[in-house]
Amino acid sequence: MKRELYQYYIIDRAHHANRVECREPLAASYAALGLHARERMTRRFEFLCRAETPHMHPSEQIVLVRTVKQQPDIFTAEEWETLRRTHFIHEHGYVSNLSPDYGAAIQSGLLAVRARADGYGRRMIDALIGLCDRYRAEAERLGRDDVAAVLTQVPRYGARNFREALQMFRILHYALWLEGDYHNTVGRFDQYLYPYFRRDMEAGVYTREQALELLEDFFLSFNKDSDLYIGVQQGDNGQSMVLGGRLPDGSEGFNELSELCLLASRNLGLIDPKINLRVSARTPLSIYEKGTELTRVGLGFPQYSNDDVVIEGLTRLGYDYEDAVNYVVAACWEFIIPGVGNDVANIGAVNFPALTDRAIRRCLTQGGGTFPELLQAVQAEIRRECDRITGSIQDVWFVPSPFMDLLRDGKKYNNFGLHGSGIACAADALAAVERYVYQEKRVTPERLLHALDTDYADDPELLHLLRFEAPKMGTGNDRADALGGMLLDWFADALEGKRNCLGGVWRAGTGTAMYYLWHARELGATADGRRAGEPFGTNFSPSLFAQVPGPLTDVISFTKQNLIRAINGGPLTLEFAAGVFQNPESIRKVAMLVRYFIQRGGHQLQLNAVNLEAMREAQKHPERYRQLVVRIWGWSAYFVELDRDFQNHVMARQEYTV
Amino acid sequence: MKGLVFDIKEFALNDGAGIRTTVFLKGCPLRCIWCHNPEGLSPHREVYVRESRCTHCGLCLRPCTHPECQGLGRCLHICPQNLVSAAGVEWESAALARRLLEQSDVYESTGGGVTLSGGEPLQQAEFCVGLLERLRGRVHRTLETSGYAAPGVFRQVVSQCDFVYMDLKLADRAAHIEYTGVPNDRILENAVWLRRSGKPHCFRTPLIPGITDSEENLRAIARIAGDSPTELLPYNPLAPAKYPNVGRRFSDRIRPG
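As you go down the protein sequences, you meet chains A and B in turn. No gaps in the numbering here: position 592 of the first sequence is 591 in the numbering used here, and each next residue is one more. Position in the second sequence counted from 1, then plus 819, gives you the numbering used here.
Please note that a few of the clues may not be correct.
If you want a taste of the chain A side facing chain B, the calculated C-beta under 7 Å gives, among others [claimed, not checked]:
no., residue
1, Pro-459
2, Gly-549
3, Leu-551
4, Ser-585
5, Ile-586
Straight-line C-alpha distance at most 25 Å; calculated DMTMM-like pairs for lysine to aspartate or glutamate [claimed, not checked]:
no., chain 1, residue 1, chain 2, residue 2
6, A, Lys-619, B, Glu-952
7, A, Lys-410, A, Asp-319
8, B, Lys-828, A, Glu-468
9, A, Lys-559, B, Glu-870
10, B, Lys-1018, A, Glu-468
11, A, Lys-68, A, Glu-38
12, B, Lys-828, A, Glu-584
These are computed hints drawn from the structure, not numbers from a lab. For each residue, glycine too, the CB sits at the ideal point set by N, CA and C.
I would like the entire structure built from these sequences, with the hints used as guidance.
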């Protein structure tokens, strides 16, 4: 690693000194001119390209850094209000969580893309080439002939070698952010960049060390402007890179470049790009071991996904096999298709604990009936909620994205995905009610209802029973695990056959995103012994107070359900104390555990190496822990830059020690 | 046959090859001053309170009628933080074998298995034999022992195992009495037998600063171990952590670093 680059961009953030404010009232002037959205997007892109000033660090090989801090909106507040009234606007309204076809543009160059583009696309390409030309001029002025030579070739023409390909990627990715798209993913980087890498390596252009250094320089570029990107918290920016996995011809895609990417991520220890490793039951242990070496660093990646389950699940949803086999992950874990996908993988979320709670309270208030009747009520709640959500999401409208459109070959898939938050919490509530109210009759409906209404304030014994002693998903209790599976099945059933307003299907998933806090905040005490407002577990994981006997039981519990039908994405998370990764032997054992999860048919797994002590200290002395990285849900962040409730949630998760 | 178990740890990383689960049997005749499992010492079920997080709300001190709480002085079913538990769960060997065999596929596919540790498992030799017989041929079985047991008992249990980790802590008899509370004659006798038994094994020495880590002791232990495999275990600086939880005091004779 080039120490001075790391120092400049990461430690000192010295490039922030080149940043300028931008308060141009673009929206007002566009509105006054009565411009339509595509024209506005094009004009703003042209404006921002002009407003950028080239800067480069003397030793960096991959250039382009943002200097304009703000990205003025293209609509006024009133216009947004009208848009939101007349359309369903997803999040910020700009396209997000897409994976463009970088490979084609890197190969052909932008002039070739321009030849096929419409007027807006051509103007955007011209503006971008203009900015890159100014970068080239700056490089010449600084005597950086190497940079100037690269920029003579790209982005106009296709890349001829590894360095040009990396620089071209950087230009394209930079342009997507500049356009205003967000959660811009990286896709199967080790596949589309591999031909350039292999050619240069075979020609002896680089030693492995030199190639690694170049790659690290490139990886660093994901972290230069990321504080300017939008997200729930800093770090939530969708720069997900996918490595390995099955190729369309059935062979394994993990190559020398994949390995070098794992190494670069390990060496840099930065939160971007977020590494995802595609594996399957056939993946050799050595690849898991390489992945675990990265886990050890404590960034919370790689995240693993199981090709056997994901490809099958996607084809069942209607994806063509040749697309499904090419899947990547969106910002966090949602499975999407690069180049041809237009899915909105996170358009809504189902709050499982709330639905279950409603059914439990209603049934118990009405005298209870039988447990199967209660389950029917839960199923009906899920169906009703899915009907409500899918019915309410009509007339979805996105701000046009002329540049993103240049990097896509149509919009073949227009499917919508729903998260499912708190599945374990909901399953636990059902398991507890079944055992104590219906079977053992140890707890009367009145007592439980009273406790739920009063947040267990005057019934500590019941709280203890339900919270710590009741059957829980993830603790090896077959019934609780099966109830979780049932919830997922009903979720998938409720969405099956439904069409969204773009003609696509609906996908059920196991992700929570921020809903483990948001959904939980609105929800009172629940029958699993969770008190009012307490968060759910993250994604497809045990509740925060489940007494999980260990990671084996956890893995077994969360691979019993049929995930093929709930394949929108959302991993089981395992937290390990950092000390677990002390030697090659224990690294190997963790790798075996991951392989076991995959071989059991688990769909997605994410491991953390956590240092609880460091987190406690960091809360007290944030200034000393600026580089401490933790995993949040589908992304990682600098601990000290998180809000307190996110910090506390990370610290409360189940942790496996040596 | 029933046994008293104070912990079952999945994915134990330091107790043998592959992915393993370690069963910790309660009760130990030794009193090594560096012991990091104080809840494994007494052969009786006892109350275990994670003191460091206790807010002393007093709920657990209220009298209760749960049969399982009687004699412990605390109620096990009320702590809002779940800090109060009982160290020591009675297991039928058949039930414990079933529990362990549920995960036999992962043990097998990773070259792992089950490890019996403690406390001193040989204190519950009959239970161990019953359990190990049920696991025979289905999972790899490892024993971790101090070797402090009557030779007959030692041989009986060892013969039911596939691998044995045996401690050699101190070679000097007087030092052994001073720091572990018992003489080492039986241990040395069992070590000799183990070496000749043909049973795959490894001798382990915990490196306790100023006590076992002297060159003299390590050299003497190497002589006892002969050509058998040996391992040195680093001192666990967290050893004192659990003592307050069972109302014990950690020795002030250990000065790490």
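Checked hints:
Residue-level restraint check for Pro-459 of chain A holds (minimum Cβ-Cβ distance to chain B is 5 Å; threshold 7 Å). Checking Gly-549 of chain A against chain B by beta carbon gives a least distance of about 3 Å; that is within 7 Å, so the hint holds. The beta carbon of Leu-551 of chain A comes within 4 Å of a beta carbon in chain B, closer than 7 Å, and the hint placing it at the interface holds. For Ser-585 of chain A, the interface hint holds, since its Cβ comes within 7 Å of a Cβ in chain B; the closest pair sits about 5 Å apart.
A distance limit of 7 Å between C-beta atoms decides the matter here; for Ile-586 of chain A the minimum to chain B is near 10 Å, and the interface restraint is violated. Among the hinted pairs, Lys-619 of chain A with Glu-952 of chain B is inconsistent with the structure: their alpha-carbon atoms are about 53 Å apart, more than 25 Å. For the suggested pair Lys-410 of chain A and Asp-319 of chain A, the alpha carbons sit about 14 Å apart, so the restraint of at most 25 Å is met. Among the hinted pairs, Lys-828 of chain B with Glu-468 of chain A is consistent with the structure: their alpha-carbon atoms are about 19 Å apart, no more than 25 Å.
Between Lys-559 of chain A and Glu-870 of chain B, the direct Cα distance comes to roughly 37 Å. Violation of the 25 Å bound is thereby established for this hinted pair. With a C-alpha separation of about 42 Å, the suggested pair Lys-1018 of chain B and Glu-468 of chain A falls outside the 25 Å cut-off, and the hint is violated. A threshold of 25 Å between alpha carbons decides the hint, and for Lys-68 of chain A with Glu-38 of chain A the separation of about 22 Å falls inside it, so the pair holds. As the CA atoms of Lys-828 of chain B and Glu-584 of chain A are separated by approximately 18 Å, the hinted pair is consistent with the 25 Å bound.
In summary, the numbered hints that this structure violates are 5, 6, 9, 10.
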